[in-house]
Structure formats: C-alpha cells, structure tokens
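A.B. asks: Residue strings, one per chain:
Number of protein chains: 2
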Amino acid sequence: MAEKINAADVTVGVVGLGLMGSSIIVSLLLAGHGVVAIAPIAGEKEVAPHRIAQQLKLCESDGLLSLPKEAYLALLTVSDNYALLDHCDLILECVVEKIEVKNAVYQKIVSASCPDTIIASNTSAIPISLLQQMVTFPERFIGIHWAEPAFATRFMEIVCGEQTSQATADRTRALALSWGKEPTLLKKDIRGFITNRLMYAVYREAFSLVEEHVATMADVDKSFRYDEGSWMTLMGLFRRMDFMGLKDYVAIFETLFPLLSNSGKVPDVMEQLVANRAGGTQDLKGLYRYTTQDARRWEEAFARFTRDIYELASQYPAPLKSTVKEI
Amino acid sequence: MAEKINAADVTVGVVGLGLMGSSIIVSLLLAGHGVVAIAPIAGEKEVAPHRIAQQLKLCESDGLLSLPKEAYLALLTVSDNYALLDHCDLILECVVEKIEVKNAVYQKIVSASCPDTIIASNTSAIPISLLQQMVTFPERFIGIHWAEPAFATRFMEIVCGEQTSQATADRTRALALSWGKEPTLLKKDIRGFITNRLMYAVYREAFSLVEEHVATMADVDKSFRYDEGSWMTLMGLFRRMDFMGLKDYVAIFETLFPLLSNSGKVPDVMEQLVANRAGGTQDLKGLYRYTTQDARRWEEAFARFTRDIYELASQYPAPLKSTVKEI
Chain A
1104 MAEKINAADV
1114 TVGVVGLGLM
1124 GSSIIVSLLL
1134 AGHGVVAIAP
1144 IAGEKEVAPH
1154 RIAQQLKLCE
1164 SDGLLSLPKE
1174 AYLALLTVSD
1184 NYALLDHCDL
1194 ILECVVEKIE
1204 VKNAVYQKIV
1214 SASCPDTIIA
1224 SNTSAIPISL
1234 LQQMVTFPER
1244 FIGIHWAEPA
1254 FATRFMEIVC
1264 GEQTSQATAD
1274 RTRALALSWG
1284 KEPTLLKKDI
1294 RGFITNRLMY
1304 AVYREAFSLV
1314 EEHVATMADV
1324 DKSFRYDEGS
1334 WMTLMGLFRR
1344 MDFMGLKDYV
1354 AIFETLFPLL
1364 SNSGKVPDVM
1374 EQLVANRAGG
1384 TQDLKGLYRY
1394 TTQDARRWEE
1404 AFARFTRDIY
1414 ELASQYPAPL
1424 KSTVKEI
Chain B
1104 MAEKINAADV
1114 TVGVVGLGLM
1124 GSSIIVSLLL
1134 AGHGVVAIAP
1144 IAGEKEVAPH
1154 RIAQQLKLCE
1164 SDGLLSLPKE
1174 AYLALLTVSD
1184 NYALLDHCDL
1194 ILECVVEKIE
1204 VKNAVYQKIV
1214 SASCPDTIIA
1224 SNTSAIPISL
1234 LQQMVTFPER
1244 FIGIHWAEPA
1254 FATRFMEIVC
1264 GEQTSQATAD
1274 RTRALALSWG
1284 KEPTLLKKDI
1294 RGFITNRLMY
1304 AVYREAFSLV
1314 EEHVATMADV
1324 DKSFRYDEGS
1334 WMTLMGLFRR
1344 MDFMGLKDYV
1354 AIFETLFPLL
1364 SNSGKVPDVM
1374 EQLVANRAGG
1384 TQDLKGLYRY
1394 TTQDARRWEE
1404 AFARFTRDIY
1414 ELASQYPAPL
1424 KSTVKEI
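First to last, the sequence lines map onto chains A and B.
Using my numbering, you'd call the opening residue of the first sequence number 1104 and step up by one each time.
Using my numbering, you'd call the opening residue of the second sequence number 1104 and step up by one each time.
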C-alpha cells in the first residue's frame, strides 16, 4: 500500500521555469501543494507567472479546477532566491540537459534545503546515478520523468539511481499516485528509461523502412496511427499479446527479429535536417513541410487531443486498473 | 486522384469465413457491395451467416447503418460453390496462413473467376511475391492486410508483389478509399510489412527490458499506454518528431541506437508459455493471469475502445487529412 499524502502538508520546490517546469508547477498546484518556484535564468521570474496563469486558465475552461483560479495561484511563490526552498519536502529540478548547469543548480539547492528533502531531476538524457554523485545525500536523489503537458498526462517514470534509497522511491511513488499519475518504477538506471528505449526501437526500424524505399514517411505515420493507435492506450504491449492469443507470436518473432534493423547510426535525413537547422513544426521546416496555419492547427489539435485521450482513457477504469497478477 | 467507385457496380468475393473473413464481409456490405462469401471449410457455410448477422446488429446499435439490417444482408450470398465467384471484380482470400491451403484455394478461384478479376490475400505472414506465383495472372494479384474488426478500423496495408501491376495497385487503393480506409501502400513486399516490423521492433526491446529486470511487464505496458498512447493516434512517428522539434533527436539516436536490443532470439518466457500451451486471454493463461470475468471485461473493453478511438480520430479531420508535402 502506498503512503497516504496530505497535499497541504507537502511543499514542493521547482527549479527551472521553462515550458516543462511551468506545466509541472500547474500539476502540483492542482494537486493542492504549496509550490516554491525558483527561476535560475534572468527573465524567467517575470515570464513564468504569466505562463502559469495562462495554463491554469486552460485547465479552468477544461473543467479541471474545483476552486477559483486565484486559490491555486495563492499557493505559488515565484522567486530567484534559492533560500526560499528551505521548507520544501521535495525539490524538482527541470533545467536544461547540461551536466555543468545541473551541478551548479544542485549546489544551491543543497545549501538551501533541509535534511530530509528529496531532490528529483526531470532529466531524460543524463543518468541519475551520475547526477546523484553531485549532492551530499545521494540516497535522497531520484529521477521523476514527466510528460508534457504535465497537468494533463498520466505518464510518469520514477528512476532510481544506484544510491537511491527504497524510502525515497516509496515516498516518490506515493506522491506520484497522489498527483493522479500512473507511475512506472525503473529498478535500474538504464539509458533512455523505458519509454524512450521503446520509441527509439520503433524509430530505428521506421527510418530503415523509409531509407529502403519500402514506404513513405506519411504511410509509416498512417500505419502507426491507425493500427497501433487503435489499441495502444487501452492495453499496452504485453496485454495485447495475451488478447490476440499468444501462439502466433513465437513464429513471427523467430522470422522477424533477425530481419529488423540493428543500425547504430543516425539516419542521413536527420543529419541533413539538423545541418540545415530545421526545427520541425515550430520553424515550418522538418520531415514534413508546414505553413504557419498548418503549424497552428497542429498545436491546437495536440492540446485538444491530449485532453480527449486523457478523458477517453478515464472511461476504462476497470480493465486499466486491473490488479490481475503477472507471472 | 483516385478513381471514383460505384459500390453497386462492384461485386466482391470473400473466401474464408472465419472471424476475420466475417468482419471483412460486414465492412464490404456496409460499403454497399454485393458480396459472394465462399466457405472452404465444412460447417463454415452454416456458422458464418449467424456471425455476420450478429456483427451487423452491433453496427446497428453503434449507429453505423444507414439502412435496415436486412438491406445489407440482401447483398450477401453464402455458399461453398466457387463457381458463384464468376462475376466478382475482386476476390479476397482470408484462409489460414498455410501455403498449401492457400494454393488449393487459388486454383479453385482461378478456375471460377473472369479475366479482369483482382485476387487479394489478407496474409500478414507469407510474401505476396511467393503467393502470386500460384495464379495464372500474377499482375492481378495483391495483398490487402486488414485490421480486426474490419468494419471499425481505418488501417489497411496494400502490398504489391514483384509482379503486381500498377493498375491493380491503383484500383485496389481506390477501393480501399471508398471503404473509408486510410490505406498505406507497400512498394516492396517486405516481411512483416510496415506495421508488424514497427511493432516487433518494440517487442524486441520490451522483452529485453523485462529480461534485464529493468521494469515489470505491467510497467512497460503502463509506460506505452500513457506516453506513446497520448499522441500516437493523432500524429504517428515522424510528425511527432517535427512537433517536438527535431534537434534533440539526433543526439539521442546517437546515444541510444547502439544500446538497443539486437536480439534475433525468441524470448525465453514466450518459449515457455507456448510449451505450456498458454493461449492468452481466451484460455485465461498468458503473460498475465485472468479470471473468466477479467477475460470478458477485456473483450468488452476492446470492442468499446475500438469504437471510441475510431470516433475520436474522426474528430480531427483537418490535421489528419493534411496534404502538406513530405521532403
């Protein structure tokens, strides 16, 4: 059984107020925590409150708020003074994926925080076992990997480093559940964690199919959207196999595994795009081409779809929360 | 531009009336085609009409019918007499994945069919280039790979063998579009086609994570459901990269591709399950364990989710049908 959390008793610090940091803050405010938001970059302190207020407004129009917007904002302190982190129970670091920047931030957090604070990084690129060596209490350091937008997704990976204590993992998992997440626990600090490894395995094969002129990118996208997309959110990978009956898979594994791409190389098309400074939808130049209007439509569609699929998944509580045992 | 199809002018034959064949027939009846359904196995002729009527009833309660159920059933002939295929424009083979069985069926189809009939196989396991050698007009032989339930999914892979003509591919694609599908075209007849290769790349990595004790099966399922599941149906793989901004991917490809599983081996747990004759949800023994009630709940949830996700995807016509160009 996970520990019961009283949100009002738990104050959370967030360091780094970019897009991700802001949406994490909104998620924490919705959960009822007091939040101390620290801006490590000049200008962030001024920009972040506006962004957070806007996201809260979005939550309001989506019916996610049970109190007036102002009640949530009253729980928030935005500052560039790390000393305000002194009473935080958990401090989340969401700064840029650069080791030296993270290290500098950790030294300031360690100086300010009290002896039982958990420090967590949102990194998806740097090993937790490496980062935790930078703090004086590595057993209380852990990875918490959120998905964007943090207030509207159930995904959360909790990543233990080599020195992370069981108590820290348990406490973090209890908090994640209290935030309405469906946390997964990584017992080993493996590069790419779970979700990125799974996705990059697909990307490797997808690029290989395009490079071999088997199919166009548009057709690969279509295939994934309409096949995998039609059951993924309901059942995931292994339960899908049970559902389809297991016996055919062995023969297909035997035939296909040896034929799949084992490439360790970055695809040429990606090298070219990055050399051309293509930034995707944002700058209208990517694997596809976009007009300004296309880009805006994708932004809007993503925001709407995120809410719709969250809502849809919520309508399947019984099987999704099934407690049947794994072998 | 795809050719315009008048469904009433096109009669379709279906050989093989199992689960898949039956749901394909329902899809064709909904599209307005006359359907000649041939049962190659004793007993199928008697069972299939009942199953088809039941699926039509399901379509009726889901509001998929524009005419009374009886109007669709009036378009259907069920028989074991291959000679009735003589006026079919397209004949779909959906029998068991055994080359010798398919070959016997093709000989009967070829004897009965007229000179411009297209013959299509629903195989996902046997190369089209191999199967088309069994007919006297390989240029009119093609793969059409459906997803279950055929009347409620948009997925369709059209697979050209080495000898398939462009005219056959064009005509098949036009038919697929007229059925409300989102067909992808495989220019090469590659093992596993697109969707299976992508999925088996994920399965290879997923089993490796479980075997290395990084995460449990339940956590892998959760991770895929709540991360990939939250955007997959909207954007697919490549457009997702554009949407997230491309630049971070190159560094991650460089780090992760060489670390991913390159195993060519069937996972031990699968060997064991199949040795124990585990059949998944159907016989309550699989990667997870099930009670009879669990199994029924998964059946119901899948039927409902299939409709819900189909409906949800329909609400995103603009970006999903975007005609922006690929590089």
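Source of the hints: derived by calculation from the structure; they are not laboratory data.
Some hints could be false.
Since copy identity is lost for identical chains, a pair holds within one copy or between any two.
What the hints assert, rightly or not - Restricting the straight-line Cα-Cα distance to at most 20 Å, the calculated cross-link-like pairs of lysine to aspartate or glutamate (EDC-like) are:
#1 Lys1172 to Glu1374
#2 Lys1350 to Asp1189
#3 Lys1107 to Glu1357
#4 Lys1148 to Asp1183
#5 Lys1388 to Glu1402
#6 Lys1368 to Glu1265
A.B. asks: Against each hint, give a clear statement of whether it holds in the structure.
C.D. replies: Going down the list of hints, with the structure as the test:
no., hint, verdict
1, Lys1172 to Glu1374, "neither (45 Å within a copy, 55 Å between copies)"
2, Lys1350 to Asp1189, "neither (57 Å within a copy, 37 Å between copies)"
3, Lys1107 to Glu1357, "neither (46 Å within a copy, 42 Å between copies)"
4, Lys1148 to Asp1183, "within (7 Å within a copy, 76 Å between copies)"
5, Lys1388 to Glu1402, "within (15 Å within a copy, 43 Å between copies)"
6, Lys1368 to Glu1265, "neither (29 Å within a copy, 30 Å between copies)"
Of the numbered hints listed earlier, those contradicted by the structure are 1, 2, 3, 6.
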